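Student: These protein sequence lines map, in sequence, to chains A and B.
Under the numbering used here, residues 1 to 481 are what the first sequence spells out, in order.
Under the numbering used here, residues 1001 to 1481 are what the second sequence spells out, in order.
Treat the hints as calculated values from the structure; they're not laboratory data.
These numbers come from a predicted model, not from an experiment.
Even for Gly, the Cβ is constructed at its ideal location relative to N, Cα and C.
Incorrect hints may appear among the rest.
Stated by the list, open to error - Cβ pair distances, simulated, as ranges:
id: 1; chain 1: B; residue 1: K1450; chain 2: A; residue 2: L346; range: 47 to 53 Å
id: 2; chain 1: A; residue 1: G468; chain 2: B; residue 2: A1408; range: 22 to 28 Å
id: 3; chain 1: A; residue 1: A366; chain 2: B; residue 2: A1407; range: 33 to 39 Å
id: 4; chain 1: A; residue 1: A480; chain 2: B; residue 2: A1407; range: 34 to 40 Å
id: 5; chain 1: A; residue 1: G35; chain 2: B; residue 2: T1264; range: 53 to 59 Å
id: 6; chain 1: A; residue 1: A407; chain 2: B; residue 2: H1348; range: 54 to 60 Å
id: 7; chain 1: A; residue 1: E203; chain 2: B; residue 2: P1092; range: 45 to 51 Å
2 protein chains.
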Amino acid sequence: MTEQWGISELVFTNPTTVEFSQGTQRLTIWSFWDGDGREIVRFMPPTQGVWSWVADNNNEFGELIVGPPSPGNHGPVRVHNTFHFAYADGTPYRQMGTTCYVWNHQSAALQAQTLETLANAPFNKIRFCVFPKHYIYNENEPELYPFEKLGEAKWDFTRFNPAFFAKLEEQIVALGKLGIEADVILLHPYDDGRWGFDCMPAEADDRYLKYVTTRLAAFRNVWFSLANEYDFMKEKTEADWDRFIGIVKKNDPYDHLTSIHNGTVLWNHTDPRLSHASIQNGSAVEDAGRAVLYRDVYRKPIVFDEVIYEGDIERRWGRLTGEEMVNRFWEGAVAGTYVGHGETFLHHDDVLWWSKGGVLHGKSPARLAFLRDVLQHAPELEPIDKWHNQRTGGQPGQFYLVYLSSAAPSEWTFALPKPGLEEGVTFTAEVLDTWNRTITPVAGTFMTKKLDNYTFVDATDRKIPLPGLPWQAIRLRRVAA
Amino acid sequence: MTEQWGISELVFTNPTTVEFSQGTQRLTIWSFWDGDGREIVRFMPPTQGVWSWVADNNNEFGELIVGPPSPGNHGPVRVHNTFHFAYADGTPYRQMGTTCYVWNHQSAALQAQTLETLANAPFNKIRFCVFPKHYIYNENEPELYPFEKLGEAKWDFTRFNPAFFAKLEEQIVALGKLGIEADVILLHPYDDGRWGFDCMPAEADDRYLKYVTTRLAAFRNVWFSLANEYDFMKEKTEADWDRFIGIVKKNDPYDHLTSIHNGTVLWNHTDPRLSHASIQNGSAVEDAGRAVLYRDVYRKPIVFDEVIYEGDIERRWGRLTGEEMVNRFWEGAVAGTYVGHGETFLHHDDVLWWSKGGVLHGKSPARLAFLRDVLQHAPELEPIDKWHNQRTGGQPGQFYLVYLSSAAPSEWTFALPKPGLEEGVTFTAEVLDTWNRTITPVAGTFMTKKLDNYTFVDATDRKIPLPGLPWQAIRLRRVAA
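Could you build the full structure based on these sequences and the hints that come with them?
Tutor: What follows is the structure in structure tokens.
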């Protein structure tokens, strides 16, 4: 018996399409070639109970009994309440990503170390590439290649290397065991003629995208990222990307989260085939008032997947302080958006987390663990008064996080925007030092009083004392009547 | 003989469609009913020379000889270089709008005063509504109605009042003589059951939109704004607005600039039928780093048509200082976007510029005149290094405006982002006090020297002394080699 959102495989000897059905549900799944004359159909049952299947080519058919998910299996992550995410079983998912572009192409020892680091890190998503990467600090050759090699940078694009993809799947499973979503980057520009995977002919692109999507779609923790910095792939046009998105969606029967990540030219994320906006723009989360603008525009979850990296390299995209990295996560959070981490500290063997994984050196991860804990115990954060008060995220009338960023005042006057409030609502308050990771309850409670047409204050004009340090936040919770 | 972008009219006795042609150009134009058994076909010749026309219903036909435009007639405004505007004859158009929602429904004397004010104001666009407005400070009844009146708030929506539309056209012509574009707001929510023009039946909406578009399309200075705060019209769905946009585009053979303006929910301005994004969001131009984000998303001109208003009323959208109004224009300008003005000072007769026109009381218009002069003598402003330097707009390597906003430093170190630069490029500099309206040339020149991978500075590390006041800008012009 397989479990809901687990994987069940059928093996054929020829290319086969199988239709799985239960009641009015119908899923058509293509087989993929796995070597040794094996054509595999992989099925991730979206619901429990009996599923019937029938193959198209030889009248094979059968049934599958699907049981409940095992502990820790919450199903794939889905969009929830327009701007947020939740697992299929309803468990909230507060995206906190990191990026190790080609951790999967490093030595077995380094991969093991990366997984060990991730097991103790706050991240519940990791972005990484299918193809190897050629770039600064990234000169090493991968062990495996996706296609049969014909010669130096020459490939038979019609012949996939099943071992390459099997290894990728092992890595996805290993991440899944850690509760980490695998945001798989299908194409990227960092090749520079070394392997040529960034400039394959159109039919090779299309065949590859169909193959990789078909293979990976049954893994519940997979997200599809069409590309990293798609616009830096100068051989591809916007029409190509439009076609690529179509291929991925067509071959993914489960409608996994799907996005496309920009260099400097944003994709049109209003595209209904894309589940969320995957954005590179660090400046947007320097200020919640910037981050919030993308929500209005795209009406879907906003994930700032690159906000530049904590580190000490010369490039300006790789020398963010830990304080500013954490600040960007908080600015993004109170704007009702999500942020991704990356780290680029110089290393004697060029093992920079951002690309190869290994261990974390920065100051931000411990503080991001603190933030993640805050978010896990919070409702989905929405901007409360989006164009007039960008410090305050929460749920109107119920829960607020007021983030003071780099300001270091000695007190905060209790004041909340009107939505969801009336006179006489009682709140408790805590002061969160987001850098020093302390939570200090404020004695007593606060009761709302209308100040003007836009703002409620405390009936006794209470203020909350603050330590005069930057990176403070106030957490307010309504007291049940 | 008519002039290019002038108006030529044909009068029929029955509804008629006329096809105008010149070479491969074909324009199909519907007649509109103008009372007294007159069906008028209005034609704005887009090119000079001989145009032929043929009516659909009675084999009438003829020719029209179109001469050159008269002085001051530059044709309709079009999108230029993706993010900007220019007149059809190529003359640059630097949008500087204002809003007087129903100046056109006030007394003749007040209308005349408004036009007089506009003649001496810096604005080259005005937004106003076809329908009358019921709102705070707006209690007066209009003189004319768009439909035949049947009783209190009861109309025969099938019978237009030609006098109403003729008056609207006179106003558009009067604005045109002042060099002002008429951004005509076709629908708006400020009715509250008084006339019911915000909740007409669908067929009345559609008939009205066809009629008003057909009538007004031949005026070269018309822009169509589908609505003000479209999302505040609770009876209309997004599907309605989608249909409305289609009706306007179908009945406008000249493809006038067309937009739709939001309350709190932004329309999807990626819609290719819309020429530009007409946005209400004052917070977006508090900071050029916010304003610039919309450019990436929409890839068309961004016009912040409401950034709240300079004034002294109690509502928070109507009590901006003059300084902050001017600041928002500058922040928008250096971000490569455009801003709109409005004014809400209390008045003994409730004549607030924002709604009724009259005279201007604020401090911003004089400073906006200064800005307009700066922009008229500048190339189109583009952000030079959009995510890392939001103070600097211009054309890479050629022209820069560095806007310092509320900061009041005593000097500015010459430093420019890399794009378009190399070593040894010479610039002249001026200090612009955007509030006190002074332009102070800086003696000598500056020559570029590479500082690092991102920045060029002056070869002798020259700084520019500043007066220690807020609202300063630096203007840099490349010296021809």
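Student: For each hint, tell me whether it holds in the structure or not.
Tutor: Here is what the structure says about each hint:
{"no.": "1", "hint": "K1450/B <-> L346/A: 47 to 53 Å", "verdict": "23 Å, violated"}
{"no.": "2", "hint": "G468/A <-> A1408/B: 22 to 28 Å", "verdict": "25 Å, holds"}
{"no.": "3", "hint": "A366/A <-> A1407/B: 33 to 39 Å", "verdict": "34 Å, holds"}
{"no.": "4", "hint": "A480/A <-> A1407/B: 34 to 40 Å", "verdict": "47 Å, violated"}
{"no.": "5", "hint": "G35/A <-> T1264/B: 53 to 59 Å", "verdict": "56 Å, holds"}
{"no.": "6", "hint": "A407/A <-> H1348/B: 54 to 60 Å", "verdict": "42 Å, violated"}
{"no.": "7", "hint": "E203/A <-> P1092/B: 45 to 51 Å", "verdict": "46 Å, holds"}
In summary, the numbered hints that this structure violates are 1, 4, 6.
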